[in-house]
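Student: Chains A and B, in that order, give the protein sequences. Counting in our numbering, the first sequence runs from 1 upward without gaps. Counting in our numbering, the second sequence runs from 1 upward without gaps.
Be aware that one or more of the hints could be misleading.
[As the list claims (entries may be wrong)] In silico DSBU-like pairs for lysine-lysine, Cα to Cα no more than 35 Å straight-line: (1) A:LYS58 <-> A:LYS19; (2) B:LYS63 <-> B:LYS205; (3) A:LYS19 <-> A:LYS2; (4) A:LYS2 <-> B:LYS100; (5) A:LYS2 <-> B:LYS63; (6) B:LYS63 <-> B:LYS213; (7) B:LYS213 <-> B:LYS107; (8) A:LYS19 <-> B:LYS63; (9) B:LYS100 <-> B:LYS64.
[To be verified] Some but not every residue of chain B turned toward chain A, in silico, with C-beta under 8 Å: (10) SER49; (11) THR51; (12) ARG55; (13) VAL120; (14) ARG192.
The set of hints was computed from the structure by calculation and includes no laboratory data. Beta carbons are placed, not taken as given, at the ideal position from N, Cα and C, and that holds for glycine.
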Amino acid sequence: MKPIDLERVQQILTNSIGKDVYVHLETTNGAYASHFNNEAVNVGAYIRNARISFSQAKIVQDDASFRVGLKMDFGWVYAEGLSDFEEFNGALLLAGHDAEGRVMVSLQISDQPFAQEIVK
Amino acid sequence: MEEHVVIIYAHPDDECFGTAGTIIEYREKGIPVTYVCGTLGEMGRNMGSPTFANRETLPTLRKKELEDACEYLDIDLRLLGYRDKTIEFEDRTEVATHIKEILDELKPTLVITHYPPYAVHPDHNALGAAVIEAVGMYDAASRPELWATAISHNFEEYLGAPHIIHDVSPIFDQKLEAIMQHTSQAQGMLERMSGTSQDSIELRKTWEKRLGKEQFFIWNYEDEAN
Numbered sequence: 001m002k003p004i005d006l007e008r009v010q011q012i013l014t015n016s017i018g019k020d021v022y023v024h025l026e027t028t029n030g031a032y033a034s035h036f037n038n039e040a041v042n043v044g045a046y047i048r049n050a051r052i053s054f055s056q057a058k059i060v061q062d063d064a065s066f067r068v069g070l071k072m073d074f075g076w077v078y079a080e081g082l083s084d085f086e087e088f089n090g091a092l093l094l095a096g097h098d099a100e101g102r103v104m105v106s107l108q109i110s111d112q113p114f115a116q117e118i119v120k
Numbered sequence: 001m002e003e004h005v006v007i008i009y010a011h012p013d014d015e016c017f018g019t020a021g022t023i024i025e026y027r028e029k030g031i032p033v034t035y036v037c038g039t040l041g042e043m044g045r046n047m048g049s050p051t052f053a054n055r056e057t058l059p060t061l062r063k064k065e066l067e068d069a070c071e072y073l074d075i076d077l078r079l080l081g082y083r084d085k086t087i088e089f090e091d092r093t094e095v096a097t098h099i100k101e102i103l104d105e106l107k108p109t110l111v112i113t114h115y116p117p118y119a120v121h122p123d124h125n126a127l128g129a130a131v132i133e134a135v136g137m138y139d140a141a142s143r144p145e146l147w148a149t150a151i152s153h154n155f156e157e158y159l160g161a162p163h164i165i166h167d168v169s170p171i172f173d174q175k176l177e178a179i180m181q182h183t184s185q186a187q188g189m190l191e192r193m194s195g196t197s198q199d200s201i202e203l204r205k206t207w208e209k210r211l212g213k214e215q216f217f218i219w220n221y222e223d224e225a226n
């Protein structure tokens, strides 16, 4: 992935307005967070391939990281701490990594469902 | 019956962190080993350091790393095809039956798996429980031996000392080389250990201690029946 190019990402988001798209949204502090730190609780959530559409889509910069908000008819999709992006097989991948390259948050949007099948 | 060791863990790299030394010793004796891997670690958060993977490319990359690790260790590989972080939400008996079918085919004399609920990761605990159920489907005469690995901080409080303790420190370098096949997962850890700061030195000591010993509990099905 590359550092987020705000203009390019905004352009892709704008192009997706009003279309049916598939979303992958996740955040995690890792399955071993409480194993390596007594005071930590393992926290994580993900949704893969939720089918949504949105009427507004914006990416906003805050120092080195970015937030994205997608306005739907009956709610919002929100992610913060995003720093990197990639255009991958027609999908927009956004992610935030810690200093050691581990995913902390990701938001991905695609016209097609993201792969679910095991790699053969 | 010809010896055959079958290791059943949840993720690509569990086989290396937990049992690479033991695997190397079995292979030196000419005993075949098969790794049956539950998932492809699709939801792993390590993407290499610096990052070279993303959420969508990670499964393909981890599969290749797993194949490389199995080639380095000279063992066979089977994939169960579950999805990372979801094994505990599958039907336990269905997973156990799936595993039993594979065991019927592989005819192991020894099976190694995770010890639930002392295996830390939910996938580890769920897969371990299914493997214990699968091996329990055999009658005592045809049942392979089962060893389970516990890694939680508190397991000795509940289980006592492991029955088998392999000191793999003499082949530690080979074990590390096996772990390194899982580049996307191991790079960050090795980087953290390789510095000269106090933290790095402490971390290296902890890992040498943790990885230098491979410990197993022998599962006792007789006790369960009583």
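Student: Are the hints correct? Go through all of them and say.
Tutor: Evaluated hints:
1. Distance restraint check for A:LYS58 and A:LYS19: the Cα-Cα separation of roughly 15 Å lies within the 35 Å cut-off, and the hinted pair is therefore satisfied.
2. With a CA separation close to 30 Å, the supplied pair B:LYS63 and B:LYS205 stays within the 35 Å bound.
3. The straight-line distance between the Cα atoms of A:LYS19 and A:LYS2 is roughly 26 Å, inside the 35 Å bound, and the hint therefore holds.
4. In summary, the hint linking A:LYS2 to B:LYS100 is not supported, as the alpha carbons are separated by about 45 Å, beyond the 35 Å threshold.
5. A hinted pair counts as satisfied when its Cα atoms are at most 35 Å apart, and A:LYS2 with B:LYS63 qualifies at roughly 24 Å.
6. For the hint linking B:LYS63 to B:LYS213, the alpha-carbon distance of about 26 Å falls within 35 Å, and the restraint holds.
7. The hinted pair formed by B:LYS213 and B:LYS107 meets the criterion: a straight-line CA distance of about 28 Å does not exceed 35 Å.
8. Only pairs whose Cα atoms come within 35 Å are accepted, and A:LYS19 paired with B:LYS63 is accepted, the gap being roughly 34 Å.
9. The straight-line distance between the Cα atoms of B:LYS100 and B:LYS64 is roughly 26 Å, inside the 35 Å bound, and the hint therefore holds.
10. Because the smallest distance between the Cβ of B:SER49 and any Cβ of chain A comes to about 4 Å, under 8 Å, the interface hint for this residue holds.
11. A hinted interface residue such as B:THR51 counts as satisfied when its beta carbon comes closer than 8 Å to some beta carbon of chain A; here the least separation is about 4 Å, so the hint holds.
12. The beta carbon of B:ARG55 comes within 6 Å of a beta carbon in chain A, closer than 8 Å, and the hint placing it at the interface holds.
13. Here the hint on B:VAL120 is kept, as its CB sits about 5 Å from the closest CB of chain A, short of 8 Å.
14. A cut of 8 Å between beta carbons decides the hint on B:ARG192: the least distance to chain A is about 7 Å, and the hint holds.
Of the numbered hints stated above, the single one contradicted by the structure is hint 4.
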